[in-house]
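Engineer: Sequence:
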Amino acid sequence: MAILKVARMGHPVLRMVAEPVPPELIPTAEFQRFCDDLLDTMHEYDGAGLAAPQVHESIRVCVLELSAERGPEFLINPVITVLGDETRRYYEGCLSVTDLRAAVDRPAHIRLEALGRDGEPKHYELKGFAAIVTQHECDHLDGVLFIDRCDTTTLAFLDEYRRWGPLDELVDGDIEDDDGDEEDAEALGWDELPSEFTEDAELEPTEVMQ
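Numbering (the numbering used here), first residue to last: 1 to 210.
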């Protein structure tokens, strides 16, 4: 197992559409070792998720923590279907876009279909944190970064975000800089977002998984 180098914004691998993983590759020692390394790298950098393109491998694989109880989930060749019109706004960051935060509006309810690390199909319906982080990581497989989807007026460096909080929640006249005497605003963390996680074994596999 190894800690892999994380690609940063500007590296072309982050803008490529990743290649599907052939099902016959999944049980191989090489692929399983890569999964171990991807998970170790996510933990090393305290990430909520990590996609293969972020470690310079342009294949459709990501790992994430959908819930603390379930532990890490590997998604291979994932397919997302949006359920309903409701959206939710969360502040997002990314290991490949260091020291920036911004508000992103994403569908609040999705269906996820993918292969697991063991090659078996997974069928989930996700809301809250699980839906948001899944969309964020799957975007990496299509060469999309959160800054492509964000409200650019909310972009903030991480230290300023921690100091002042979300820009779209501030009211004119509320900001006073008195050399640090004001208590820093509480920054939203991924682990503070609510989740709903529903496993639906009756969903049909998609073409990607056949």
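None of these hints come from the bench; they were simulated from the model.
Certain hints may be false.
Unchecked claim - Each pair of labels, with its calculated beta carbon distance range:
id	residue 1	residue 2	range
1	Asp36	Glu86	11 to 21 Å
2	Val82	Gly143	12 to 22 Å
3	Val79	His11	23 to 33 Å
4	Asp105	Gly143	28 to 38 Å
5	Ala29	Ile3	36 to 46 Å
6	Glu24	Thr153	45 to 55 Å
7	Gly143	Leu83	16 to 26 Å
8	Lys5	Glu86	14 to 24 Å
Only a predicted model underlies this, so the values are computations on that prediction, with no experimental measurement involved.
The C-beta atom is built at its ideal place from N, Cα and C for all residues, glycine as well.
Engineer: If you test the structure against every hint from before, which numbers come out violated?
Structural biologist: When the structure is compared with the hints, numbers 1, 4, 5, 8 turn out to be violated.
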